[in-house]
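Chemist: What follows is the residue order along each chain.
Number of protein chains: 2
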Amino acid sequence: MKPSRRNFLATSAAAIGAAAAAGAFRAGASQVEVKNIINEGDVILFQGDSITDAGRERETADQPNNQKALGSGYAWVASSHMLLARPAADLRIFNRGISGHKVPQLAARWDADCLDLKPDVLSVLIGVNDIWHRRNGNYEGTPESYERDYLALVERTRNARPRIKLVICEPFVLRCGAVTDDWFPEFDAYRTAAARVAEVNGAIFVPFHSVFEEASKLAPPEHWAADGVHPSPFGTALMARTWLRAVGL
Amino acid sequence: MKPSRRNFLATSAAAIGAAAAAGAFRAGASQVEVKNIINEGDVILFQGDSITDAGRERETADQPNNQKALGSGYAWVASSHMLLARPAADLRIFNRGISGHKVPQLAARWDADCLDLKPDVLSVLIGVNDIWHRRNGNYEGTPESYERDYLALVERTRNARPRIKLVICEPFVLRCGAVTDDWFPEFDAYRTAAARVAEVNGAIFVPFHSVFEEASKLAPPEHWAADGVHPSPFGTALMARTWLRAVGL
Numbered sequence: 001m002k003p004s005r006r007n008f009l010a011t012s013a014a015a016i017g018a019a020a021a022a023g024a025f026r027a028g029a030s031q032v033e034v035k036n037i038i039n040e041g042d043v044i045l046f047q048g049d050s051i052t053d054a055g056r057e058r059e060t061a062d063q064p065n066n067q068k069a070l071g072s073g074y075a076w077v078a079s080s081h082m083l084l085a086r087p088a089a090d091l092r093i094f095n096r097g098i099s100g101h102k103v104p105q106l107a108a109r110w111d112a113d114c115l116d117l118k119p120d121v122l123s124v125l126i127g128v129n130d131i132w133h134r135r136n137g138n139y140e141g142t143p144e145s146y147e148r149d150y151l152a153l154v155e156r157t158r159n160a161r162p163r164i165k166l167v168i169c170e171p172f173v174l175r176c177g178a179v180t181d182d183w184f185p186e187f188d189a190y191r192t193a194a195a196r197v198a199e200v201n202g203a204i205f206v207p208f209h210s211v212f213e214e215a216s217k218l219a220p221p222e223h224w225a226a227d228g229v230h231p232s233p234f235g236t237a238l239m240a241r242t243w244l245r246a247v248g249l
Numbered sequence: 001m002k003p004s005r006r007n008f009l010a011t012s013a014a015a016i017g018a019a020a021a022a023g024a025f026r027a028g029a030s031q032v033e034v035k036n037i038i039n040e041g042d043v044i045l046f047q048g049d050s051i052t053d054a055g056r057e058r059e060t061a062d063q064p065n066n067q068k069a070l071g072s073g074y075a076w077v078a079s080s081h082m083l084l085a086r087p088a089a090d091l092r093i094f095n096r097g098i099s100g101h102k103v104p105q106l107a108a109r110w111d112a113d114c115l116d117l118k119p120d121v122l123s124v125l126i127g128v129n130d131i132w133h134r135r136n137g138n139y140e141g142t143p144e145s146y147e148r149d150y151l152a153l154v155e156r157t158r159n160a161r162p163r164i165k166l167v168i169c170e171p172f173v174l175r176c177g178a179v180t181d182d183w184f185p186e187f188d189a190y191r192t193a194a195a196r197v198a199e200v201n202g203a204i205f206v207p208f209h210s211v212f213e214e215a216s217k218l219a220p221p222e223h224w225a226a227d228g229v230h231p232s233p234f235g236t237a238l239m240a241r242t243w244l245r246a247v248g249l
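Sequences listed follow chains A and B, in order.
With the numbering used here, letter number 212 in the first sequence gets 212, and the count goes up by one each step, no holes.
With the numbering used here, letter number 31 in the second sequence gets 31, and the count goes up by one each step, no holes.
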């Protein structure tokens, strides 16, 4: 293992420890300084489902830093703030989230929609459809298959891109709209699985669900995501800030 | 002058220097560490016009940290992120922006809507109506009267609250919608006047216009504010982040 990778893993492990202790958002704000993982010239790729997709334009998907290509969700909001904060960093940011996708569908398009882009930073938010589609009777997956397939996807990614900096986002729901109490405790099993995928890979973990739980004490869950799954502009802004803090920006 | 006030002014002066050099948003992101001015137990008041008002509910205006009372604009988004980042800080945040207001209208309601709240931190964003209403023929004000009246308002505030921490926000427009090229260079005179109000009072200056000028290179101005004056959710998120960085959060 090269020193630069060891440093990254050490930093990430500290971030995970902080996240576990208090939620990365809160920890980043006061006690713990999270080291910035974004370097000059980095190719940054956002991957996931509809929350990442957020209406992005397919025709311009190959153009980095393009608002339409990045959509209207947290990926674009976080990207715009990164690009404005670091105008000279020569970052190239892409979004390849697709609505409705689960882990196996990411795997099916991983060469074209991840590895071929040669990302230096990969951020993944996946999982809500893995539980939602199963609950609707349209999918056979379980928290166990989610974790196994997710681990395999990350291993495949690291084999192809050994120095990649990984950002694993916690799947989240708000307790409103389509999301009923009987999503729990099953949903927590998906959150825990994602946290383990982050931990065993020394990845940054972005605690979206934990942050939305706290936010729901400040304003009703519907304020952050009317249907419990897709964030409002307020939920989107909160996600962007949480993501930026988690990566140390 | 008490030491704590001197310290605040020294900190603020450094922040203004940074803002002048590169825009506080950019400077805060990399070269310059802006010291946090928000302390435990602070009463924080947002004041201004429609951009601050942002549909806030009047009935709940006396309830701190209430989403409806804080509206749907940058004041609420910045507040929610502050409250989530510092849940134990016992902050009490209010919004008293009113649509359409100019400096003289702030002055007319300043006792009830500022001094009586005994704010520790006062953030003011005012100016776009001062030029807009004059251009429409509904107001006689000039950049000179704006600066004079704004300076008097701040002096009155400091006389009543000698240790108040002041945040003066740069008035901004985007070059689209209602805003045509012939708003310039007159609009710049209002921006400069606000910067001077900040500087002579040792206040934090939040460079909204400069940030939106940069943002308009990343995505069209309409993306950030369709009518050139009232920010979209993306403009709102950018304002919240810019404000939080300027106050060192």
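A hint or two may mislead.
Remember, identical chains collapse to one label, so a pair may be satisfied in a single copy or spanning two.
Each computed DSSO-like pair below joins lysine-lysine, with the alpha-carbon atoms no more than 30 Å apart [claimed, not checked]:
id	residue 1	residue 2
1	Lys-68	Lys-217
2	Lys-118	Lys-217
3	Lys-68	Lys-118
4	Lys-118	Lys-35
5	Lys-217	Lys-35
If you're looking for bench data, these hints aren't it; they were derived computationally from the structure.
Chemist: First find the shortest C-alpha distance between Lys-68 and Lys-118 inside one copy, then the shortest across copies, and answer within, between, both or neither for a cut-off of 30 Å.
Modeler: within (21 Å within a copy, 45 Å between copies)
Chemist: Reference check for the pair Lys-217 and Lys-35, CA-CA at most 30 Å: within, between, both, or neither?
Modeler: Both. Shortest intra-copy (29 Å) and inter-copy (28 Å) distances satisfy the 30 Å Cα cut-off.
Chemist: At most 30 Å between CA atoms: does that hold for Lys-118 and Lys-35 within a copy, between copies, both, or neither?
Modeler: Within one copy only: 23 Å inside, 38 Å across.
Chemist: State whether the alpha carbon distance between Lys-68 and Lys-217 is at most 30 Å within one copy, between copies, both, or neither.
Modeler: between (33 Å within a copy, 14 Å between copies)
Chemist: Go through the copies and call it for Lys-118 and Lys-217: within, between, both or neither, with a Cα cutoff of 30 Å.
Modeler: Only across copies: Lys-118 and Lys-217 sit 26 Å apart there, 40 Å inside one copy, limit 30 Å.
Comparing the model with each earlier hint shows no violations; every hint is respected.
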